[in-house]
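J.: In order, the protein sequences belong to chains A and B. Sequential numbering of the first sequence, starting at 673, is according to the numbering used here. Sequential numbering of the second sequence, starting at 4, is according to the numbering used here.
Just so you know, these hints were derived from the structure itself, not from any lab. The structure displayed is predicted, hence computed values, not measured ones. Check each hint, because a few of them may be wrong.
[As the list claims (entries may be wrong)] No more than 30 Å apart at the CA atoms, straight line, and that leaves these computed lysine-lysine pairs for BS3-like:
(1) A:Lys-709 to A:Lys-763
(2) A:Lys-763 to B:Lys-300
(3) B:Lys-414 to B:Lys-492
(4) B:Lys-445 to A:Lys-845
(5) B:Lys-492 to B:Lys-467
(6) A:Lys-709 to A:Lys-842
(7) B:Lys-300 to B:Lys-105
(8) A:Lys-763 to B:Lys-235
(9) B:Lys-105 to A:Lys-763
(10) B:Lys-105 to A:Lys-845
(11) B:Lys-166 to A:Lys-842
(12) B:Lys-413 to B:Lys-467
(13) B:Lys-445 to B:Lys-492
(14) A:Lys-709 to B:Lys-166
(15) A:Lys-709 to B:Lys-105
(16) B:Lys-413 to B:Lys-445
(17) A:Lys-763 to B:Lys-301
(18) B:Lys-105 to B:Lys-414
(19) B:Lys-413 to B:Lys-492
(20) B:Lys-445 to B:Lys-467
(21) A:Lys-763 to B:Lys-166
(22) B:Lys-414 to B:Lys-445
[What the hints assert, rightly or not] Residues of chain A placed beyond 10 Å of chain B at every Cβ, according to the derived structure:
(23) Asp-765
(24) Ile-780
(25) His-865
(26) Thr-870
(27) Ala-915
Using N, Cα and C, we set each Cβ at its ideal position, and we do this for glycine too.
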Amino acid sequence: MNGLSGLVWELDGWIIVAGVLAAVSASLLGNFLVLRKMSLLGDAISHAILPGLAMAFLFTSSRNSWVMFVGASIVGLMTAVFTQWIRGIGKVDEGASMGVVFTSLFAIGLVMIVQAADYVDLDPGCVLYGAIEFTPLDTWPLFGWHVPRVVVIQGAVLLLNALFVGLLFKELKISSFDPALSTTSGIPAWLMHYALMTLVAITAVASFESVGNILVVAMMIVPPATAFMLTVRLGRMIVWSSAIAAIAAVIGHLAALWVPNLFGYRSTSTAGMIAVVTGVLFLLAALFSPQQGVFVRSMRQRLLALRILREDILGLLYRLTEKGEERSVSQGYLQENLLASGWETRVALWQLQRWDCVQQSPQGFQLTAAGTRTAQHLVRSHRLWETYLIVEAGVDQERIHQQAEQLEHFTSSALGQRLSDATDTPTVDPHGSPIPSPAVTPPTKRQ
Amino acid sequence: MKGRIAKLSVFIFSWALMLSTSVLTPQSAIAGESTASTWSESFASELLIAETLTDRTVRWPTWSQWRRVLLVQDHNTRIVMIGTGILGFAAGLVGCFTLLRKRALMGDALSHATLPGIGLAFLLATSLNYDGKSLGLLLCGAGVTGLLGTGGILWIRHYTRLKEDTAMGIVLSVFFGGGVVILGFVQQLPDGHAAGLESFIYGKTASMIGSDARLIGLTGLFCVSLIGLFFKELTLLCFDDNYAGSRGLSVVGLDLVLMSLVSLVTIIGLQAVGLILVIALLVIPAAAARFWTESIKKMLLIAACFGAVSSLVGAALSAVFPNLPSGAMIVLVCATFFGISMTCGLSRGVLVRFARRLITRRRIDRQHLFRAMYELLEDEHGESVPSYVDRPVPFASLLAMRSWTASRLKKCVRRAQREGLIQVAANDHLVFTHLGGALAEKLVHDHRLWEIYLITHADVAPSKVDREADRIEHVLDANLISQLEALLKFNRERDGMPGSPHPSQYSGSELADRQALGGGASLP
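All chains should be modelled from the sequences, with the hints used to inform the complete structure.
T.: Shown next, in the form of structure tokens:
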């Protein structure tokens, strides 16, 4: 199987299906873990099921039995119970009690596996990063098809989780956001907590041998966190996280086949690659999400800063004209007075020239007619605000300039009119400078 | 500030020098060692054993094996013990600070984040024809991705609205996934037995050799001295980071120091206990030490001892039973310490807190009993008798005064009787002795003073003061009482017992009704 050319439906199709099912079922529950600030409990539970698995192996000597499934799920649930217990009785910080419980259980599991190694073939590595690549080899007959066992189990778990989230959506929501309110309205928050933990344990157990522990942990945290970057509604977050998990599973398997070829290796672990792909998706969402993306927000700030700089340039030029001093100034003068960097000023001036607000002559930059109109509007807002702050808000004279400087950039002409009405249509501001009359034609919208 | 930075840089530089010389110098030059095995040789023999030895059950070791380990006769055992002991010591110290900073699971995220570094270092080293299994190189790689992971957590927490736990979870799972991907590459190399790198996941002290132990020991000592240098600052950071910031310390810088300490311990713990269980060394000794003391210095000391002792015992057990993984054994010893501390800890242990609560409850019960007796006597006799000593009070009326069960009240009476405070007269009647009478007078006096204070100074309605005073009377100390007396211009010797500022709880007829009903009901 070299690269993507060797894709075979019977093999890769089933692997992708198993990956998607496991990823979506884990991310469904993960939404609530992330919202309840318990992301790491998923990690703890999936590590702690190891002794449950080992014990079940020791007793039944078999890999696919109900005993194993139930035993490991119970141990997983016990992790949550013990954590709560140590936290309550011993008054230990939650993170620490989780750390105590899951590492101890994991250690017990490791010791037991060494003991069990003679009887059953169980590799702790397999528990950690799974063997999703072997999915198609072990099939069960289902409706006349040979369906891989893993796909059947993962499908059942996905159905269970979807039913849980779908039927108890309201209860989960209320108990996640406000446990006290949920308990007083007759939905015991602790019951929802342990119901959720039970399903987390079941999901972790169901996935351990097919896709591995690491994929479960990644899928419980990363897709919900990615969805959290994209929306603020719980319903949409669940839909988004499922979609992201499914996409990551598909891309992850293809990448596991394709990426190693670039470096001259054969394929690598699908489960690990799916986790990496979700990480990449998270990074993209965190940077470029329309509302909350770090990059998007910083761009928005830059644009705002640029607009304010443009307006400050116009205001400065207008005030100079008003004083009857030289009407043309150099770029250096603007930079120095407005405390702006060189390239910012250059960009701002370039934009102002393009929009015909400022023109450049050999002496320097000066206002055009359109620029004067816009500047008039700005200076008018500034001076009206100063008047308003003194007359109506009782602010000290020394402090009004700073505040008006900030407010002037966010004042429409309608608001300016109301300010003017509220202060009895003044003609001079508190410093004695004349307030320009409102422009006949409103300034261009862009500024 | 400049002085501190200069001091720190000199300190770090000298340590780096020591570390590098110890790693680079041939081991025989430092200590004449009998076993001149290199990492890769011992590694290969390890693999050989694992492949040929199919029987992995635990056998009870012979006496000579026990003796060899207990008396530390083997050179190799000695080295392993020293290395892991210092590791446990350093981990205990660092763990205290992360626990108090409420970031106990930071080690979890960081240790997972080291896996891709180990794999990448191996790949790079082999492709450049170096020995890919040199511990120093692998740990350098681990350090690089560990730091990247730290940066990732800080970035997510600072720039998005995700909480710390999610940030740690994202870094943990994505980095570990990346590590698994890279291990997938490693497995395809001709000499890249991924099993070798897997010993970093589960820990394998047996494969430790002299230079490794020295590296671990020196790094551990470096952590310990760094903590010594920054003890005051780190303590301030853990207890009040706002105050630390206002004193001109850089909170972010101190957090970075703490995280680097965590990363260092994690990295040197990789070989001894493995990357999943090293978190246990960072969490459990500190959490266990918290049960024994309220002072940070003692806590540091206890946690370091727990860490060192459990590492030693765990490593020794794993040396005696070669088939038990060392990491798991160390963690299980740690967990035992935790269990003992949680139950028996002298400061916050479950038993101690239970006993403390029991003592308090008994004291409160006694105070309730005495006040109830006094008030009943007062209702009956008023000012007509000079003293309430030797005046009988029926048990049934006492039972009706409060919501206590008959058996609880009886136990309380029996205890007071043993101490000679009251006596049981005929027909289930109780009487005060002189001692008990004086105690009861003092209790009622304190209770009423507080009631009067609440009415006159806190504007609480007289009908409500009894409840309020009932809650606080058990913790009023002599100093507070004398302050109250001064404030209310009240003198016990001169004015005698203050009258109750509210009507008696039960009128005679009501009391009779309640007795008829069997008493024991809650307050009206």
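J.: If a hint holds in the structure, say so; if it doesn't, say that too.
T.: We went through each hint and held it up to the structure:
A threshold of 30 Å between alpha carbons decides the hint, and for Lys-709 of chain A with Lys-763 of chain A the separation of about 19 Å falls inside it, so the pair holds. Restraint check: the Cα-Cα separation between Lys-763 of chain A and Lys-300 of chain B comes to about 20 Å, which is no more than 30 Å; the hinted pair holds. A C-alpha spacing of about 39 Å is found between Lys-414 of chain B and Lys-492 of chain B, which places the hinted pair above 30 Å, so the restraint is violated. At roughly 55 Å between alpha-carbon atoms, Lys-445 of chain B and Lys-845 of chain A are farther apart than 30 Å, so this suggested pair is violated.
Restraint check for Lys-492 of chain B and Lys-467 of chain B: satisfied, since their Cα atoms lie roughly 23 Å apart, inside the 30 Å limit. For the hint pairing Lys-709 of chain A with Lys-842 of chain A, the CA-to-CA distance comes to about 19 Å; that is within 30 Å, so the pair holds. Taking the CA atoms of Lys-300 of chain B and Lys-105 of chain B, the gap is about 18 Å. The hint holds against a cut of 30 Å. Restraint check for Lys-763 of chain A and Lys-235 of chain B: the C-alpha separation of about 26 Å stays at or below 30 Å, so the hint holds.
Proximity of Lys-105 of chain B to Lys-763 of chain A is assessed by CA-CA distance (about 13 Å); at most 30 Å being required, the pair is judged to hold. Restraint check for Lys-105 of chain B and Lys-845 of chain A: the C-alpha separation of about 27 Å stays at or below 30 Å, so the hint holds. Proposed proximity of Lys-166 of chain B and Lys-842 of chain A is supported: the alpha carbons are some 23 Å apart, at most 30 Å. Taking the CA atoms of Lys-413 of chain B and Lys-467 of chain B, the gap is near 29 Å; set against the 30 Å cutoff, the hint holds.
For the hint pairing Lys-445 of chain B with Lys-492 of chain B, the CA-to-CA distance comes to about 17 Å; that is within 30 Å, so the pair holds. Taking the CA atoms of Lys-709 of chain A and Lys-166 of chain B, the gap is near 7 Å; set against the 30 Å cutoff, the hint holds. The straight-line distance between the Cα atoms of Lys-709 of chain A and Lys-105 of chain B is roughly 14 Å, inside the 30 Å bound, and the hint therefore holds. At most 30 Å may separate the alpha-carbon atoms for a hinted pair to count; Lys-413 of chain B and Lys-445 of chain B meet this at roughly 23 Å.
Restraint check for Lys-763 of chain A and Lys-301 of chain B: satisfied, since their Cα atoms lie roughly 19 Å apart, inside the 30 Å limit. Taking the CA atoms of Lys-105 of chain B and Lys-414 of chain B, the gap is near 43 Å; set against the 30 Å cutoff, the hint is violated. Proposed proximity of Lys-413 of chain B and Lys-492 of chain B is contradicted: the alpha carbons are some 39 Å apart, above 30 Å. Between Lys-445 of chain B and Lys-467 of chain B, the direct Cα distance comes to roughly 22 Å. Compliance with the 30 Å bound is thereby established for this hinted pair.
Taken as a hint, the Lys-763 of chain A and Lys-166 of chain B pair is honoured in the structure, with Cα atoms around 23 Å apart against an allowance of 30 Å. With a CA separation close to 23 Å, the supplied pair Lys-414 of chain B and Lys-445 of chain B stays within the 30 Å bound. The beta carbon of Asp-765 of chain A sits about 6 Å from the closest Cβ of chain B, which is not more than 10 Å, so the claim that it is off the interface is violated. Taking the minimum C-beta to C-beta distance to chain B, about 7 Å, the non-interface status of Ile-780 of chain A is violated against the 10 Å cut.
Every beta carbon of chain B lies more than 10 Å from that of His-865 of chain A, the smallest distance being close to 15 Å; the non-interface claim holds. Against chain B, the non-interface label of Thr-870 of chain A holds: every CB pair exceeds 10 Å, the least being about 20 Å. For Ala-915 of chain A, the non-interface assignment is confirmed: its Cβ lies about 18 Å from the closest Cβ of chain B, beyond the 10 Å cut-off.
The structure fails hints 3, 4, 18, 19, 23, 24 (numbered hints given earlier, in ascending order).
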